[in-house]
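Colleague: Protein chains in written order, with the working numbering: chain Y, 15 to 262; chain R, -13 to 136.
What the hints contain is simulated information worked out from the structure, not anything from laboratory work. Everything numeric in this text was worked out from a predicted model, so none of it was measured. One or more of the hints may lead you astray.
As the list claims (entries may be wrong) - Just the calculated beta-carbon pair ranges, DEER-fashion: (1) 71(R) / 74(Y): 31 to 37 Å; (2) 47(Y) / 133(R): 47 to 53 Å; (3) 73(Y) / 134(R): 56 to 62 Å; (4) 104(R) / 70(Y): 28 to 34 Å; (5) 74(Y) / 129(R): 54 to 60 Å; (6) 14(R) / 247(Y): 55 to 61 Å; (7) 69(Y) / 129(R): 48 to 54 Å; (8) 27(Y) / 83(R): 24 to 30 Å; (9) 69(Y) / 133(R): 50 to 56 Å; (10) 14(R) / 80(Y): 31 to 37 Å; (11) 26(Y) / 134(R): 23 to 29 Å; (12) 215(Y) / 14(R): 56 to 62 Å.
Yeah, the Cβ is synthetic: ideal placement off N, Cα and C, and Gly gets one too.
Spelled out from the first residue to the last, the chains are:
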Amino acid sequence: MDKLKEYLLRHKADLDVDSPASDTWEYIGSKMSEGSPRTGLATKSGFSIGVVRAAVAACVIALAGAGLWLVIKNKKAPADTAKHNSGIIKKVPVPGKEKTENTARTEEKTPDKDIARNPSKPKQARHKARSQKPAELSDEIDIIDKSYSSLIDYQLRKLRATPLYAENGSYFSFYTEQLKQMDQDEEAVRNDIKTYGLTNEFLEQLINVYQQKLNLLKNLQTEINKMNNKVRQKQAPSEKAEVHYLNI
Amino acid sequence: MYNICIRMTGNPTDAQDMLQDAFMDAFRHLGQLKQPGAFAGWLRRIMINKCIQFSKNHVRWSSLDQDGIDPVTDRATAWWLNIPFQLVQEEIKNLPGGCREVFVLYALEDFGHKEIARNLGISESTSKSQYQRARKLLRERITKKMHLNG
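Model the full structure from these sequences, guided by the hints.
Modeller: Have a look at this one:
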């Protein structure tokens, strides 16, 4: 071995003549109790800067990607919606609608001729096209009705089948009353539709009622599950609890 | 521990930062220490790794001209005997960045040149030449100071 190395290794302890500033250990102690490192020169080291740079670069790339995705999505969305709507109209026939559609189709096929013959005709065509709107809306209402009704029915069946260990059905009367109120709201909206015709506003109101119903049923299910879990945790395995079911 | 840091960094500010960083790292990863008896060695290793990382980020390595370094002559005389340790420590700290780290790792932390090369990201021959440079500078500076002080 190198003689100097040998000598220095042998007297290594004698070389340890330096000591840190008096407050260094106190500072380290306080930082350790805080659990966070000091923002000193060490944190400004190349390694830390490199990590920060990499993180910033990753964020920029992610944001750029998200932006690009949004732009592409926005471009595609109208076309997709149009396709989707046309598909829906074809799939779900509505009584009395076929006639309207046929009329609209024949009128759509001939506008060029009409324009050539009589310039005032396009106005009529446009008017007829607008009258097609309620038919489309009634299609939509049918679809919404079906999907929401099936969801609500499913949730109701689930609730009826859920056993109540802690309380009987009357404990949840608040929920059942709310549900009744929502049924009345739904009925009112439907009556409005019958009286004034179907508009986007009514459709929106109807969707809101459905959504509220679903939320309510979901909350009720969560509440029942919570109570049942509490009872199961507290109860000894040998004990048998009285079981009730919800009449909703 | 502080002496390892100050020899590796060459200045008290960086040494204190290294010391603090190493303690914080050790504190955070205390769960990884399997044998409590090995704490001192484990902490020392963390400290050295911190210093190596610091050197890697702060030292610009350049290939060294071997001319003027005569390891045979240098090794022939034990010039280091009877030199106050305080002076040796002082001159180690004053060595230029690059050769200082190699010297400390090789002569005081008992690393091999291969290990130094791997840790600092340099070639083995660079490590050897930097060590020789450090020895030469140490000898020159210490001898000069000894003459000045009589």
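Colleague: Would you mind marking each hint as holding or not holding in the structure?
Modeller: Results for each hint:
| no. | hint | in the structure |
| --- | --- | --- |
| 1 | 71(R) / 74(Y): 31 to 37 Å | violated (53 Å) |
| 2 | 47(Y) / 133(R): 47 to 53 Å | holds (51 Å) |
| 3 | 73(Y) / 134(R): 56 to 62 Å | holds (58 Å) |
| 4 | 104(R) / 70(Y): 28 to 34 Å | holds (31 Å) |
| 5 | 74(Y) / 129(R): 54 to 60 Å | holds (56 Å) |
| 6 | 14(R) / 247(Y): 55 to 61 Å | violated (37 Å) |
| 7 | 69(Y) / 129(R): 48 to 54 Å | holds (51 Å) |
| 8 | 27(Y) / 83(R): 24 to 30 Å | holds (25 Å) |
| 9 | 69(Y) / 133(R): 50 to 56 Å | holds (55 Å) |
| 10 | 14(R) / 80(Y): 31 to 37 Å | holds (33 Å) |
| 11 | 26(Y) / 134(R): 23 to 29 Å | holds (27 Å) |
| 12 | 215(Y) / 14(R): 56 to 62 Å | holds (60 Å) |
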